[in-house]
Each structure stands twice: as structure tokens, then as C-alpha cells.
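Residue strings, one per chain:
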Amino acid sequence: MDDFFLMALAAGVGVSMVAGPLGCFVVWRRMSYFGATLSHSALLGVALGLLLGINPMIGVVATCIVIAAAVFSMERDPRFAADTILGILAHGMLALGLVAVAFLDNVRVDLMGYLFGDILAVSNDDLIWIYGGGASCLLTLAMMWRGLLSMSVHDELARVEGVPVSAMRLVFMLMIAFVIAIAMKIVGIMLIVSMLIIPPATARRFARTPEQMAFYSIVVGSLSVLGGLAASATIDTPAGPSIVVVAMVLFFVTAMPGLAQRQA
Amino acid sequence: MINSERQTPLIRAENLTVSRGGQAVVDNINLTVDAGEIVTLVGPNGAGKSTLIRALLHLIDSDSGVIEREPGVTIGYVPQQLEIDPTMPLDVRRFLRLGALVSLEDMNRALEEVGVPEVIDTPMQGLSGGEMRRVLLARALLRDPDLLVLDEPTAGVDFGGQAELYELIRTIRDRRQCGILLVSHNLHLVMAATDRVLCLNHHICCEGQPDAVTRNPAYLELFGSEAVASAMAVYTHHHDHHHDLTGAPIDENDAHHHEHTHG
Chain A
1 MDDFFLMALA
11 AGVGVSMVAG
21 PLGCFVVWRR
31 MSYFGATLSH
41 SALLGVALGL
51 LLGINPMIGV
61 VATCIVIAAA
71 VFSMERDPRF
81 AADTILGILA
91 HGMLALGLVA
101 VAFLDNVRVD
111 LMGYLFGDIL
121 AVSNDDLIWI
131 YGGGASCLLT
141 LAMMWRGLLS
151 MSVHDELARV
161 EGVPVSAMRL
171 VFMLMIAFVI
181 AIAMKIVGIM
191 LIVSMLIIPP
201 ATARRFARTP
211 EQMAFYSIVV
221 GSLSVLGGLA
231 ASATIDTPAG
241 PSIVVVAMVL
251 FFVTAMPGLA
261 QRQA
Chain B
1001 MINSERQTPL
1011 IRAENLTVSR
1021 GGQAVVDNIN
1031 LTVDAGEIVT
1041 LVGPNGAGKS
1051 TLIRALLHLI
1061 DSDSGVIERE
1071 PGVTIGYVPQ
1081 QLEIDPTMPL
1091 DVRRFLRLGA
1101 LVSLEDMNRA
1111 LEEVGVPEVI
1121 DTPMQGLSGG
1131 EMRRVLLARA
1141 LLRDPDLLVL
1151 DEPTAGVDFG
1161 GQAELYELIR
1171 TIRDRRQCGI
1181 LLVSHNLHLV
1191 MAATDRVLCL
1201 NHHICCEGQP
1211 DAVTRNPAYL
1221 ELFGSEAVAS
1231 AMAVYTHHHD
1241 HHHDLTGAPI
1251 DENDAHHHEH
1261 THG
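These protein sequence lines map, in sequence, to chains A and B.
Here our numbering is used: the first residue of the first sequence is 1, the next is one more, and so on.
Here our numbering is used: the first residue of the second sequence is 1001, the next is one more, and so on.
I should point out that these hints are in silico values taken from the structure, not numbers from a laboratory.
From the three backbone atoms N, C-alpha and C, an ideal C-beta is built for every residue, glycine too.
Be aware that one or more of the hints could be misleading.
Short derived list, chain A residues pointing at chain B, Cβ under 7 angstroms [said to hold, decoys possible]:
(1) S32
(2) S123
(3) V153
(4) E161
(5) V165
(6) R204
(7) A207
(8) R208
(9) T209
(10) M213
(11) Y216
Derived coverage of chain B by chain A (criterion: at least 3 residues anywhere in the stretch with Cβ under 8 angstroms from a Cβ of chain A; other residues may be distant) [said to hold, decoys possible]:
(12) 1071-1085
(13) 1166-1172
Make a model of the complete structure from these sequences and hints.
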């Protein structure tokens, strides 16, 4: 087995380990469109990072935070529906990112790589980001697990019971921004949300507690990465999209018995 | 527990005003809840009941006025609505432990107290309306609260179940001597289970003991036909036969006439 294949696998599993548990909250809190909006803004972050000569990952995280703050403040405005705002920002920011990349004359930007992932080009630096940042993300998530779960069930009840809801929401958003930054390399900006949504959705069928669902999400995500990379290696399909296709197939195969039952 | 000091209220609001879009939704309210006391907010839809509760719980900012809690007061809160996303696998046991890390023994005791000991392993999404209200109450009780704040504690419960819930709330007060602030628009049932009623329509229209409030013109005006109907129900019940001034039963037509001459 090739070295780059193993590194890709390590990177994909590493991202799944963070994306699974965080993705559960994205599913529970019905924030998938919000996740899509942030991830579509990531290209602008890459462009800004390159423009300013800093690590594009930092550019991505910073841009996501600004966009998330914009969404939160605009959502309070009764003149706009929340999903309209998300739609405007999701597509507007992607377009702005594409325009910004076009301005970068002196830097060669692998646009396809950013949009659809370039997992086979994962570097040691990427792995350090994924595992170092991922471990701190998971640790943080473990520490705020009960509070975050409580506010996902009922925001006001959690507040009355003393959960620091605003602070937790901010940290949660930071973690989402981080996952987007590291998952960008794996499946690309256009497909990042699938890493957050599909494994938890599949895991839901087998889980009886929130913790089980988070754990099974990691398993399902890792299996998807393995399957996608195997397909890429054997029949030469593009790696990032293959991972997402495998994840989708796993979802439908496991959901099938339930769907058939409902039909009958 | 703080409930031995009956002089200081558990919570006190003074001249509390909350505005939305330049209009006072909650207008200059004074309110106290003492330990061992059930205080009920009644009022029509949109009267600002929930807004007042949420301001008292510091869930929203108030524009002016003072809210004081006795130091160290623990509040148990039962919100009006709780919809758990079907994608979250959460049974009652796990739900109860979200509020505080409590033992299985405590959970069983709390569920016993609210009358649904059998639901501990039921998924939250599988509870009936009445069971849901009771589980929410159990979660609030697990905090060993000095003050219970219940927003429409009978929402989504059928009529018979509502009476039982109010009965339960009274039992909880008797047993724990905690203060209870509850919101209701079920006038008739709540009147039997409360010590003091505040009739709210942005400002406080009238307040006092339940039987006094139900006879207050401000209350009757606010609730219109509903209040009249429930007053009639009480009236009919108490006067299913009639008496003259000496106490001797008399016939219907005379009684009718009697009322008219004095009416």
C-alpha cells in the first residue's frame, strides 16, 4: 500500500472523528444549511489567506467566524427569513470567493482541489492540523457535552439551569469553522457538509443515546473514507466525491429496512 | 432551604416593564412569590404572560424596573413547549440527567412523585402530552427548587388530565413548601389550585384570592364570555335548588322573579 494512501486514510479518519460528534449537533439543531453557508464561505477565506500571506486554514476559520456572526445578527431582523439570509450568504460568499481567487494573479490556486478536495495530496502539516486541532476540539466538546446537549433540547430551559448558552454557542461555532477548515482538504468546500450530516444521519438508526450516535457517526464516517479511498485506488474515481458517495450509499442501505417497513 | 423565612419573597418584581417595538408588552408590574405560595398569572392570549415569566427568569431583558431574587434561590422551570428533534435519541432517563447529574434513585423518586414512574426508559418523543408535562416537572423537581416556574403546565393535556396536573402541583407545594408561579389560561381549573391570582393584560387588571378575582368587573371584562360561562357553571352548581330569605326552598319562577327585582 502506498504511503500517500495511508496518509489520506489517516487524514480522513481524523476528520471523521471530529466531524461525527459535531455533526450530530448540526443534525439535532437543524443547522445543516448554516453549515453549508459557512463552508461555502471558505473559498473566500482561502483567497484572503493567500492574499495576506498567512496560512489559508487561518483565513478559512476567520472568514467562517465573521460570516457566522453576520448570520446571527441578521437572523434577529424580522424583515428577512433565516433561510433566505443563509441562501444569500451561501451563494454570495462562494461567488465572492471565486472572484477573489481570480484576482490572485501571482499565486497558482488549485481551484478544483479546494472545491472538491485533494485528499491524496495530504501533507504532514495537514495531519498535524487535523490531529492536533481535532484532539483539542474533541476535548472541548467532551467538556461542554452535557450543556450543549441540554441547550440543543431546550435553549431557555438550559439557560435557567445555568448553562452558559451564549459562550457555548460561540465555541460550537468555532469548532464548526475548524472542521470546515480541515475537511476542505478531504472532500472540498462543496461537499464538506456531507461529512457533518450523512454519518450522524446513518448512525441515528443504531443509536439509543446521544453518545452512541456520536460514536457510531465516527465509525460510519471512517468507513466512508475507507470505502471512498478504496474505490479511488482500484477504479480510479475522484477520492473526495467517492467518500461522499459511499457515505450516501451507507445511509440508504441502512435506512432501507425501515423505509420498506413503512411502505408495507 | 429558604422557605422558613416567610417575610422575604423568593422573587420580587417592582415596576417591571418590557417593551417590544415601542409598546409595553409588560407594563409596570409588581409581583412577589413567597415560599409555600401558589401564584397564578391568568390573562388572554398575547397579554404578556410568557413575556413576564421570561423577564423574571432573565431570559429576556426588561426595559425598566427591578427584579430581585432572594440570594441562593434555586429555580425549577417548566417551559411551555418542548419539542425534541426526532433525530436525537433521548430517553427520559437521559433527559432528566441533562439538568443535573442525578442518581438513578433520585430520578425514580422524582418520576414517582409526579406519577409516571414507568416512563424512565421511554424515548422522549414517545411520551403523551400529559407524560411530557410530568417528566418536565420531574426535571425541575430534581433541582430541589425553592421556586417553581411553570409556563402553561397543562399545555397539550386533555381536560381530565389538566385537573389532575393542577392537583399534583398543589400536592408538590404542600409537600415541599416551595413557591410556585404558574401561567394559565385555563381559568376554571386553575382557580381551585391557587392562593393568589394576578389577572394580566399587559398591566395587572386585578389581583387577589381566586373567588374575589372571579367576581371582579375587570376580570369579567377581560375574559368576557369565557369567564361568564365559568362563573355560571359555578353558580348553577351552588344553586341547584333555591331558597327564600328564611331558607325554605321555593319554586323556580319565584326565584327568578326574586333575582329580577333585586337585579
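Results of checking the hints against the structure:
The interface hint given for S32/A is broken, as the beta carbon of that residue sits about 11 angstroms from the closest beta carbon of chain B, more than 7 angstroms. The interface hint given for S123/A is violated, since its Cβ lies 36 angstroms from the closest Cβ of chain B, which is over the 7 angstroms cut-off. The closest approach between the C-beta of V153/A and any C-beta of chain B is roughly 6 angstroms, which is under the 7 angstroms cut-off, so the hint is satisfied. The beta carbon of E161/A comes within 5 angstroms of a beta carbon in chain B, closer than 7 angstroms, and the hint placing it at the interface holds.
At its closest, the beta carbon of V165/A sits 10 angstroms from a beta carbon of chain B; the interface hint therefore is violated under the 7 angstroms criterion. The criterion of a C-beta within 7 angstroms of any C-beta in chain B is met by R204/A, whose closest approach is roughly 5 angstroms, and the hint holds. With 7 angstroms as the threshold, the beta carbon of A207/A comes within range of chain B, its nearest partner Cβ sitting at about 5 angstroms, so the hint holds. The criterion of a C-beta within 7 angstroms of any C-beta in chain B is met by R208/A, whose closest approach is roughly 5 angstroms, and the hint holds.
About 6 angstroms separates the beta-carbon of T209/A from the nearest beta-carbon of chain B, less than 7 angstroms, and the hint is met. With its C-beta approaching chain B no nearer than about 6 angstroms, M213/A sits inside the 7 angstroms limit, and its interface hint holds. Violation of the interface hint for Y216/A is found here, the shortest Cβ-Cβ separation to chain B being roughly 10 angstroms, above the 7 angstroms cut-off. Only residues whose beta carbon comes within less than 8 angstroms of a beta carbon in chain A count, and the stretch 1071-1085 of chain B has 6; three or more means the coverage holds.
Check on the stretch 1166-1172 of chain B: 0 of its residues sit with their Cβ under 8 angstroms from a Cβ of chain A, so the three-residue criterion for coverage is violated.
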